[in-house]
Amino acid sequence: MLSTVPLERKLQLSGITLILGLVVEALCLLFGHGPIAFLFFVSLGGFLFAIGILLYLYSLLSTKPESSKQ
Amino acid sequence: MPLQTSLIISLVLFSILLIGVLVARPGITGTRGGKIVAFLALFALPLLSGGMGVSTELEHAKTTEFCLSCHIMEPYGKSLHVDDPQHLAAAHFQNHRVPADEACYTCHTDYAMFGGIKAKIGGLRHIYVYYLGKPPAPENIKLYEPYNNRECLHCHSGARSFEEGAVHTADPDLIPALKANKTSCISSGCHDVVHNVGSLKDAKFWKGGN
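Same order as they appear, the protein sequences are chains A and B. Whatever position you read off the first sequence (first residue = 1), add 11 for this note's numbering. Whatever position you read off the second sequence (first residue = 1), add 100 for this note's numbering.
I should point out that these hints are in silico values taken from the structure, not numbers from a laboratory. Check the hints yourself; a few may be wrong.
[Claimed, not checked] Sample of chain B residues at the chain A side, in silico, Cβ under 8 angstroms:
#1 Pro126
#2 Ala138
#3 Pro146
#4 Gly153
#5 Glu157
#6 Ala161
#7 Phe166
#8 Cys170
Don't be surprised by glycine CBs; every beta carbon is placed ideally from N, CA and C.
Model the full assembly from the supplied sequences, consistent with the hints where possible.
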């Protein structure tokens, strides 16, 4: 269940995407020994990794800074 | 399973576990410790395991097994077992002049700057042609450009058999011409039997080295 807090939801989506990327990597390393596994890992795995990491970085940038207490 | 792969798989599983905790309980990122865990799980560990995975896959792409996994390359793999010392590729493979597990890559990479990258980009094109294009018959496969002596000299330059070989020294101009790539080692009539996959039907094969 995704969180209702925007920052937490972004982190959850980032995490889910990264888990998928990591699963692709593990499957390619364990069961793939040819060019297709290599391409699958570099294209799909790389895409998921990139999206996941960018989403995490975006979630940091889009967080409104807390007002400093005087 | 190779140790490197086992390590990466362990790292991947650890990352998945850590990310799983964050996905299940995103509220922990509100604390300082949670922020550090989030940075590790959502940035550092995926980058590390992804980088290690790419490195392993690229290393694996150098192996003879990888190159011969395409059906079209089978005759080239077979040509490495021809029982005839005149067959250049077979003589190199059978006598371990090239590492047997990286036989194709050792001769067919480009020993210039960024040669490895160029070879891998060429490999991507091969995959595209193999699966989506019209691959030629094995005997019709040609090199993109004439074989450069640089790839031979990467190992043979300075070797006594090359520098002092009777045929090489018979003509004082030959070795400089070979080193300047003006006379080809392969197509000048000296070492011109390389894979010759078109004539493998009549060839005798060496049974060892499996």
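message = Which constraints among the numbered hints does this structure fail? Numbers only, ascending.
response = none
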